[in-house]
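Please build the complete structure, drawing on both the sequences and the hints.
2 protein chains.
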Amino acid sequence: MASAIASLPAQRGGGDGAAGASRPNIISIVTDDQARWSVGAYGNQEARTPHIDGLARDGARFDNAFVPTPVCSPSRAAFLTGRYGTQVGITDWISPAEAGRGLGLPASAITWPEVLKREGYATALVGKWHLGEDPAFHPHRRGFDHFFGFLGGGNRPMNPTLEDNGRPRSLQGSLPDLLVDDAIGFVERHRDRPFAVLLHFRAPHLPYGPVPYEDSAPFETLDPTIPDVPGLDRAQVKRWTRDYYASIHSVDRNIGRLLQAVDTLGLTARTVVLFTSDHGYMIGHHGIHTKGNGVWVAGGVTGPKRPNMFDTALRVPLVVRWPGVVRGGTVIAEPVTALDTFPSVLGMLGIPVPVDAAQQGADFSPLLRGQQVAWRDAVFGQYDLHHSGLAFMRMIRTAQWKLVRHHMADGLDELYDLQQDPDELRNLYGSEAARPVRDQLQMRLTDWQRSIDDPLLARLQR
Amino acid sequence: MASAIASLPAQRGGGDGAAGASRPNIISIVTDDQARWSVGAYGNQEARTPHIDGLARDGARFDNAFVPTPVCSPSRAAFLTGRYGTQVGITDWISPAEAGRGLGLPASAITWPEVLKREGYATALVGKWHLGEDPAFHPHRRGFDHFFGFLGGGNRPMNPTLEDNGRPRSLQGSLPDLLVDDAIGFVERHRDRPFAVLLHFRAPHLPYGPVPYEDSAPFETLDPTIPDVPGLDRAQVKRWTRDYYASIHSVDRNIGRLLQAVDTLGLTARTVVLFTSDHGYMIGHHGIHTKGNGVWVAGGVTGPKRPNMFDTALRVPLVVRWPGVVRGGTVIAEPVTALDTFPSVLGMLGIPVPVDAAQQGADFSPLLRGQQVAWRDAVFGQYDLHHSGLAFMRMIRTAQWKLVRHHMADGLDELYDLQQDPDELRNLYGSEAARPVRDQLQMRLTDWQRSIDDPLLARLQR
Chain D
1 MASAIASLPA QRGGGDGAAG ASRPNIISIV TDDQARWSVG AYGNQEARTP
51 HIDGLARDGA RFDNAFVPTP VCSPSRAAFL TGRYGTQVGI TDWISPAEAG
101 RGLGLPASAI TWPEVLKREG YATALVGKWH LGEDPAFHPH RRGFDHFFGF
151 LGGGNRPMNP TLEDNGRPRS LQGSLPDLLV DDAIGFVERH RDRPFAVLLH
201 FRAPHLPYGP VPYEDSAPFE TLDPTIPDVP GLDRAQVKRW TRDYYASIHS
251 VDRNIGRLLQ AVDTLGLTAR TVVLFTSDHG YMIGHHGIHT KGNGVWVAGG
301 VTGPKRPNMF DTALRVPLVV RWPGVVRGGT VIAEPVTALD TFPSVLGMLG
351 IPVPVDAAQQ GADFSPLLRG QQVAWRDAVF GQYDLHHSGL AFMRMIRTAQ
401 WKLVRHHMAD GLDELYDLQQ DPDELRNLYG SEAARPVRDQ LQMRLTDWQR
451 SIDDPLLARL QR
Chain G
463 MASAIASLPA QRGGGDGAAG ASRPNIISIV TDDQARWSVG AYGNQEARTP
513 HIDGLARDGA RFDNAFVPTP VCSPSRAAFL TGRYGTQVGI TDWISPAEAG
563 RGLGLPASAI TWPEVLKREG YATALVGKWH LGEDPAFHPH RRGFDHFFGF
613 LGGGNRPMNP TLEDNGRPRS LQGSLPDLLV DDAIGFVERH RDRPFAVLLH
663 FRAPHLPYGP VPYEDSAPFE TLDPTIPDVP GLDRAQVKRW TRDYYASIHS
713 VDRNIGRLLQ AVDTLGLTAR TVVLFTSDHG YMIGHHGIHT KGNGVWVAGG
763 VTGPKRPNMF DTALRVPLVV RWPGVVRGGT VIAEPVTALD TFPSVLGMLG
813 IPVPVDAAQQ GADFSPLLRG QQVAWRDAVF GQYDLHHSGL AFMRMIRTAQ
863 WKLVRHHMAD GLDELYDLQQ DPDELRNLYG SEAARPVRDQ LQMRLTDWQR
913 SIDDPLLARL QR
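Chains as they are written, first to last, in the working numbering: chain D, 1 to 462; chain G, 463 to 924.
Please keep in mind that the hints were generated in silico from the structure rather than gathered at the bench. Among the clues, some could well be false.
Stated by the list, open to error - Pairs of lysine to any residue residues, derived as SDA-like cross-links and limited to a Cα-Cα distance of at most 25 angstroms, are as follows:
1. LYS700(G) x PRO230(D)
2. LYS700(G) x ALA261(D)
3. LYS700(G) x GLY300(D)
Stated by the list, open to error - Short, incomplete list of chain G residues facing chain D, as computed with Cβ under 8 angstroms:
4. ASN526
5. PRO669
6. PRO672
7. GLY693
8. TRP758
9. ARG768
10. HIS849
11. SER850
12. GLY851
13. ALA853
14. MET870
15. ASP872
16. LEU874
As the list claims (entries may be wrong) - Here are the simulated distance ranges between beta carbons:
17. ARG696(G) x HIS140(D): 54 to 64 angstroms
18. ARG156(D) x ASN889(G): 18 to 28 angstroms
19. GLU46(D) x GLY892(G): 38 to 48 angstroms
20. ASN889(G) x ARG459(D): 22 to 32 angstroms
21. PRO558(G) x ASP377(D): 28 to 38 angstroms
22. ASN159(D) x ARG701(G): 45 to 55 angstroms
23. ARG897(G) x HIS140(D): 29 to 39 angstroms
24. ARG897(G) x PRO207(D): 25 to 35 angstroms
Note that the Cβ used here is the ideal one computed from N, Cα and C, for glycine as well.
Rendered as structure tokens:
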């Protein structure tokens, strides 16, 4: 890896609506709570993700893809705007109470669909928003021509009520199927012009079901591999894992339906498909259930929060199929984060990054093109947990090392040698031998905090 | 109970050194981590505390005694100075790192032994200090003529190294025995003048042993009653409970030795004996092991912190034997806190509270005398956990209700109806029916925070 760089904005030409007519479409798929470890293309032999795996086979798989914050709203904000949660005022998932008090993604944070819309794209958000419920934050005002989904964090997996371009509709059927029905309709209606469909599944978030029988059937008799952590209720963890895989199957099956429709319409060759998740997940890993705000389940009993930035919580699958550009089966080792989506999507579509976008990402489209570019050697994380627990975490991760600081609390800081200890089981923070590495990482972490005007710095200095 | 009052300072006469010659002695005993539920006099049929029980039989037992903060240092500060932890800058136990950075009980916070010393008492601290390790904070400079013990939070239960009036000494034997040997020596040397011995055991703090065989023997075959909490490793919890009782026995046996020596010296009639603990304790209660900063052990596996202000963590035994004044077997229902020790000890000894003592307690000596006095109807708690976890808790507790706020975090606030639910199992914070009570308690809690200049108020307003 080469020296770290702050960003690599696409500066290619093009960019007016007329030129846009020949631009590729993009279908961007984000699942909810789907860990990297749950995907076949990343080595899972028990989950069934043939369509996601197919995208990786026909395109590129990023082996080191991270989110900056291991819960929904701040990660989604990063994905859409290239900005860290603290930069947009969203530091934990937006609770109903916070949404009611008017918390949402501020208009000052430009989304990449806004840029695409300006460039003549037909834009759709199908599924979950979770970035504010006031009218000012509505997807229609944040770059999306079309919105079919829900504004809050969740919905029923079966027979949900969804908002269809401003009007609530009670529907029958499974949520992933309903969303993909709508996405297919949008693609059909816009087959003749550049379009961007952002398909944001709620699955495989809790509750894992109900799902259609065809999605649960393959796992009925599965005895899944689960983490070997003392005290886990192994039967419960296996049940959760089976149900998680079933929910993932319902997503994957629907991705297959969508890709089939795109193919039938003859659009595959000029449509970029990006697949990722909003953060990682744990079902018993490290004794935890769920994500960065996971609860302690070692012992089989639900305990308090265990705020964490384990790789299991931060790593996501990221697969890009870019016909005619990316060679099938490409594997990209460079570390990327959800913040990179903004410049990278624009980079793939040949649209310059607007000068006023304060986005923090780097354009990974040259990596997809197989070009040699200077690339960062570290990714950063941040999480101010304040729902049902309290933590102020900051993280830096290189290929070999991860430093996690738990601010305002002491005795919780973490340092892992990922080369020797990829599962992050041996905390070296207190190790004398590792002190030079720790101090150097700490300096870089503080520099990064300064560079993003991290409010925590001022808070700690008081 | 009558209306709440901020304090009830003793204003009786006396107060010069000469008058002091006829004053009663005081022996004040504080154990470490000893829950109210662990004492025979409070109904425990399995622990063996005959000498503590004897003090209650010959004196008064407080049925509603609390500490303001459920960990060591702030509770000890409150006990000695009548001030809340936030008022003296000690909000969690003083860690070795904090002690190294110069944290300790500031000289501006007057201790009641300082007042007694000024009044002509010979004063001793025997045992644990844990209020700073810099020379400026040394017990010799905070009111104690004699110090035999240790400055930090802990020591070995067997063969410890102790500081004996400024010089380290390596000793052989059990820590409680060594401490009581020294206390007896001090009493013998000062039999002819008013003395104050503060005996601060480290037991029954973890590690519970080793203890002399005579202390563990009574529990070898005990199958102790333990909390009925799902997922506990019952065998482990029973082992801990047996070892805890053994450690408590080592304390009680030594209290017996000390009382015997006092009796032999003919001092019983003119010696007040106060027994209490620095806070409560849990061995599996609510799924937690230890205290306000306890860890989650439901499931039999040690999990993250579970910051709490359960009664099990806040309630302490408090027993006062005051010969010639308190009738044996007296039970006092009024709620008292460790902050009350300052004015109450002075009240019992006939010494006025100094005008410059900013102590926050109320003098409970009139209650011991059997007088009718206006008394508070609520006690308050505070705890800023910052070691190995993070929480900013504030509490108000009346006879019927307890409100616990977890500041900076949401979803953790607690409200219990102690009349219907003495074990605090049903959190009513979100209950519509309980909202009027909740709001009223919140107002009183905020008023109290203002009255003590709680730094958290300003922090939250920013």
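Evaluation of the provided hints:
| no. | hint | result |
| --- | --- | --- |
| 1 | LYS700(G) x PRO230(D) | holds (20 angstroms) |
| 2 | LYS700(G) x ALA261(D) | violated (63 angstroms) |
| 3 | LYS700(G) x GLY300(D) | holds (20 angstroms) |
| 4 | ASN526 | violated (28 angstroms) |
| 5 | PRO669 | violated (19 angstroms) |
| 6 | PRO672 | violated (27 angstroms) |
| 7 | GLY693 | holds (3 angstroms) |
| 8 | TRP758 | holds (4 angstroms) |
| 9 | ARG768 | holds (5 angstroms) |
| 10 | HIS849 | holds (5 angstroms) |
| 11 | SER850 | holds (4 angstroms) |
| 12 | GLY851 | holds (6 angstroms) |
| 13 | ALA853 | holds (6 angstroms) |
| 14 | MET870 | holds (6 angstroms) |
| 15 | ASP872 | holds (6 angstroms) |
| 16 | LEU874 | holds (6 angstroms) |
| 17 | ARG696(G) x HIS140(D): 54 to 64 angstroms | holds (57 angstroms) |
| 18 | ARG156(D) x ASN889(G): 18 to 28 angstroms | holds (26 angstroms) |
| 19 | GLU46(D) x GLY892(G): 38 to 48 angstroms | holds (39 angstroms) |
| 20 | ASN889(G) x ARG459(D): 22 to 32 angstroms | holds (29 angstroms) |
| 21 | PRO558(G) x ASP377(D): 28 to 38 angstroms | holds (36 angstroms) |
| 22 | ASN159(D) x ARG701(G): 45 to 55 angstroms | holds (51 angstroms) |
| 23 | ARG897(G) x HIS140(D): 29 to 39 angstroms | holds (37 angstroms) |
| 24 | ARG897(G) x PRO207(D): 25 to 35 angstroms | holds (29 angstroms) |
Consistency note: the structure conflicts with the earlier hints numbered 2, 4, 5, 6.
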